[in-house]
Amino acid sequence: MTAIELTDLARLHRSGQARGITSVCSAHPIVLRAALRHGRAKGSTVLIEATCNQVNHVGGYTGMTPTDFAELVYDLAREEGCPHELIVLGGDHLGPNPWRHLPAGEAMEQACDMMEAYVSAGFRKLHLDASMGCANEPAALNDEVTALRAARLARRGEEAAAKSDLPLPLYIIGTEVPPPGGADHALDDITPTAPDAARTTIAVHQEIFEAHGLSEMLGRVIGLVVQPGVEFGNHNVIPYDANKARDLIRVLESHDGLVFEAHSTDYQGTGPLSELVRGGFSILKVGPELTFVLRETLYALDLIASDMLPNYGDRPLYHAMEEVMLAEPENWARHYHGTDSERRVMRHYSLSDRIRYYWTDQKAQSAVADLLAALRGKTVPLPLMWQHLPRAASAAGQPLDPEALLIRRVGDTLAEYHSACIIQEV
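Under the working numbering, the residue at position 307 of the sequence shown is numbered 291, and the numbers go up by one with no gaps.
One should not assume that every hint holds.
Calculated cross-link-like contacts (lysine-lysine; reagent style DSBU-like; alpha-carbon spacing at most 35 angstroms) [said to hold, decoys possible]:
{"hint": "1", "residue 1": "K26", "residue 2": "K228"}
{"hint": "2", "residue 1": "K362", "residue 2": "K347"}
{"hint": "3", "residue 1": "K26", "residue 2": "K362"}
If you're looking for bench data, these hints aren't it; they were derived computationally from the structure.
Can you build the whole structure from these sequences, using the hints too?
Structure, rendered in structure tokens:
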């Protein structure tokens, strides 16, 4: 598979030779390394996206500005030997969401400043999302207000690109997405976006963008976010059902330049992901699954070290993460419900993987560093690897490189996405 341009996706779908691109939504350095290493090995496009809450002009919850994030990605790319030209940076849910507690005017000023920061830092793919209400507004806004605010954001992006002499951005519109990080409860069914709702979103954005002198920009709107009927909760996954999305898929027949962008495709597996690509969901966003696999591997190594090394202790990484999460419950308390024991299990093993917010904590980083140092160069017996990490059994019986193993396990998930993104006959 060779690298393809985002602007080629719609043409390829209409030609009957659909292709997909995986959108890696994570700021974890190991996940980023895995994505860059995979892209280098396959020669494929590496689309890496940051969200408005995670990275913004005032730091976001990672503490990184768009420039910081871009520098992190390109520094890792140099170390991994991934060519610069394979990398595309994207911004997800770019809008007033981090400041929605403020009046709309103030929140949009912040959002516009954030948009300028993203574009100036070299982010090319921008998801315009101004659908959320701000102070004293409804929680969700109608298409007209959303499109008006999206136009304002887009104009700022266009101006920033021109000022910095950068390529003009590519845009994604639409806001009907699952809750960030997955749902908070067990799910039985998810209804795909109604076709008429998708058509209305496109039509309203087109009308308002043209009315605000952004007609030229419309040619660079490459995708629409819709709900294809996929989701994951804390405990279960709703797989893609192409029959339920059949009428939605037909919307693309009237819009030559568009594909769909699918959020929360985590845990779908290669088969459903391939069906999504075949249906025109050409941009597949994944995040929590990648950090879930990372956590899964770290915890398996924690168990291996506990069983194998007399002085390591009894699962010190697990206990450190429990301590960190209990001390700062803001990122999980609203999302995990039930008894104390049920909430404890979800803190560590939920598919929503809200533990991912805590890996940057100093105590967490220290515990991970101690684990990796304890196992580095050690030889893990095959039966012990079978017990705790059977999917990495080939690493048994030889000096262990735990960092490489973590990257490899995340890369296994990326390989599933890669397989789904190769040419799919429509």
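Outcome of the hint check:
1. Between the alpha carbons of K26 and K228 the distance comes to roughly 33 angstroms, so the proposed pair stays at or under 35 angstroms and holds.
2. For the hint linking K362 to K347, the alpha-carbon distance of about 24 angstroms falls within 35 angstroms, and the restraint holds.
3. For the suggested pair K26 and K362, the alpha carbons sit about 30 angstroms apart, so the restraint of at most 35 angstroms is met.
Of the numbered hints stated above, none is contradicted by the structure.
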